[in-house]
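The sequence shown maps to residues 1 to 452 in full-length UniProt numbering.
Check the hints yourself; a few may be wrong.
As the list claims (entries may be wrong) - Derived BS3-like pairs: lysine-lysine, alpha-carbon spacing no greater than 27 Å straight-line: (1) 18 x 8; (2) 18 x 195; (3) 68 x 30; (4) 358 x 372; (5) 290 x 195; (6) 195 x 178; (7) 164 x 195; (8) 26 x 5; (9) 26 x 8; (10) 179 x 164; (11) 18 x 5; (12) 68 x 18; (13) 206 x 179; (14) 18 x 154; (15) 206 x 290; (16) 447 x 372; (17) 30 x 5; (18) 154 x 164; (19) 121 x 154; (20) 290 x 164; (21) 164 x 206; (22) 195 x 179; (23) 18 x 30; (24) 439 x 361; (25) 178 x 121; (26) 178 x 290; (27) 290 x 179; (28) 154 x 290; (29) 361 x 372; (30) 358 x 121; (31) 26 x 68; (32) 358 x 439; (33) 68 x 206; (34) 195 x 206; (35) 178 x 164; (36) 372 x 439; (37) 447 x 361.
Hint data in this document are derived by calculation from the structure and do not stem from the laboratory.
Note that the structure is predicted; figures quoted are calculated from it, not measured.
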Amino acid sequence: MLRLKINKNDNIQNQIVKEIIELTNKGDLKFGDHLPSITAMSDSLLVSRTSVIGAYEKLVKLGIIQSKERSGYFISIIVDNNQGVKLKTKIMFKEKAENKLQQDRIYHARDVGIPDVFVRKFLTEIRLRKNDSPELLDIRQLMADTLFSMRRIKANYNASIVTKNVVSFLLTVAVAIKKRTPCPTIILEYPCYNKVHDIFTSLGFKIILVPVDQHGLQVENLENLNADCIYLTPAHQFPTGAVLSQERRDYLSEWCQRNNVWLIEDDSLSLMNFGEKTSSPIYVSHPSEKNIYVSSMALILGSENSASIGILPADLYPEISQLESILCSEDSLLCYRLVSNYLHSNRVIRDIANLAHKRRKKYQLATDGLRKAFGHPQIWGAPRSIYFSFFIPPGITVDPDSFPTSLIPMSTIFDTFGFSWLGQRIIYPFASLELEQIKLINDYFLKMVQEQ
Numbered sequence: 001m002l003r004l005k006i007n008k009n010d011n012i013q014n015q016i017v018k019e020i021i022e023l024t025n026k027g028d029l030k031f032g033d034h035l036p037s038i039t040a041m042s043d044s045l046l047v048s049r050t051s052v053i054g055a056y057e058k059l060v061k062l063g064i065i066q067s068k069e070r071s072g073y074f075i076s077i078i079v080d081n082n083q084g085v086k087l088k089t090k091i092m093f094k095e096k097a098e099n100k101l102q103q104d105r106i107y108h109a110r111d112v113g114i115p116d117v118f119v120r121k122f123l124t125e126i127r128l129r130k131n132d133s134p135e136l137l138d139i140r141q142l143m144a145d146t147l148f149s150m151r152r153i154k155a156n157y158n159a160s161i162v163t164k165n166v167v168s169f170l171l172t173v174a175v176a177i178k179k180r181t182p183c184p185t186i187i188l189e190y191p192c193y194n195k196v197h198d199i200f201t202s203l204g205f206k207i208i209l210v211p212v213d214q215h216g217l218q219v220e221n222l223e224n225l226n227a228d229c230i231y232l233t234p235a236h237q238f239p240t241g242a243v244l245s246q247e248r249r250d251y252l253s254e255w256c257q258r259n260n261v262w263l264i265e266d267d268s269l270s271l272m273n274f275g276e277k278t279s280s281p282i283y284v285s286h287p288s289e290k291n292i293y294v295s296s297m298a299l300i301l302g303s304e305n306s307a308s309i310g311i312l313p314a315d316l317y318p319e320i321s322q323l324e325s326i327l328c329s330e331d332s333l334l335c336y337r338l339v340s341n342y343l344h345s346n347r348v349i350r351d352i353a354n355l356a357h358k359r360r361k362k363y364q365l366a367t368d369g370l371r372k373a374f375g376h377p378q379i380w381g382a383p384r385s386i387y388f389s390f391f392i393p394p395g396i397t398v399d400p401d402s403f404p405t406s407l408i409p410m411s412t413i414f415d416t417f418g419f420s421w422l423g424q425r426i427i428y429p430f431a432s433l434e435l436e437q438i439k440l441i442n443d444y445f446l447k448m449v450q451e452q
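Put together the whole structure using the sequences plus the hints.
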């Protein structure tokens, strides 16, 4: 009989799931090994049959176990000792719904916005010229020019659309795909932004989640999957900061073409590329008629007054461009006009350069502090974005009561199901912090290590 450590005060289902995955990672449970029956497991742990059934169902969805009629449940995965569990089938599980606000806190840039003095001037001009109809600046062309200067992407004017944000763009793409395929399937990287997950779920997409490690999406798990589209953030993964390796990019692009899969690339969190050596977008390095690209200006303009630009294949553009006007409200038009005027002004380059300098300074202070305390904290992420993630080495005890509230343990917003490279990581939203706050965090970690 398996010996599982269960705390009756915590979620029983998740504990059973994590304990069985841990035993599989250690090699105590191997491919083909049978698990106790639901009744036997329930009696052994002194828990309800409902809890055991729920746990087994989650393990089946994760591909960890399978069931056979009259044979019970058995282990159905093979373990790679370097990476832990290698999933042989799809995984499907949701992020913790009560922590969506935490995810928003990571995703949105809070250290930036169109300067107040510019906004006030803009609104004053609108009031004074409310009866005039001056020629509007072309926001699509201005955003395409910005995209080229930052990511070297040449956006075809007649294949691009502008929306208020990435979520709105993804909604139009999802609707267009849904029209073509009544019961579509999408692959999402895990963990992923909850609003992306919610869009496709609400439209009836079948969701397949594939985990991310330090080299990005685990593309080897795609081999036996069938899907209509895949969404990922390869240049700066949300929320880990991992970058998809060149080898995996090559594999992913080839897999999508071979299986006729739409590849939706969200490049928003790597927009600020100021001379740093960064990976090119897949849209540029692996061009294909199945590639869909989207990027948001929120990283440089802030989330309140921003816009996103999407580049579409010729096959999808006619359908999606019709949806663009439906999503365009009066508020959106006013926002686009403000963004256009700002991007066209002579101060935008100076403001972006100053912002990049501030973020580099914060990033450097934060990462130096972590390295001083922990040596090798396995930092994933770059200063051009707004967050990174790191790893607290084994053997160091963290007091949850005194842990800095501005840092977010991955396990508090996602069910990581025993994947150690995810469950042990901490998200550091450095762009939203002041230098003094970062210094206090550095002092906290250094003192914590010295006292142990």
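Violations among the numbered hints, reported as their numbers in ascending order | Of the numbered hints, 14, 19 and 25 do not hold.
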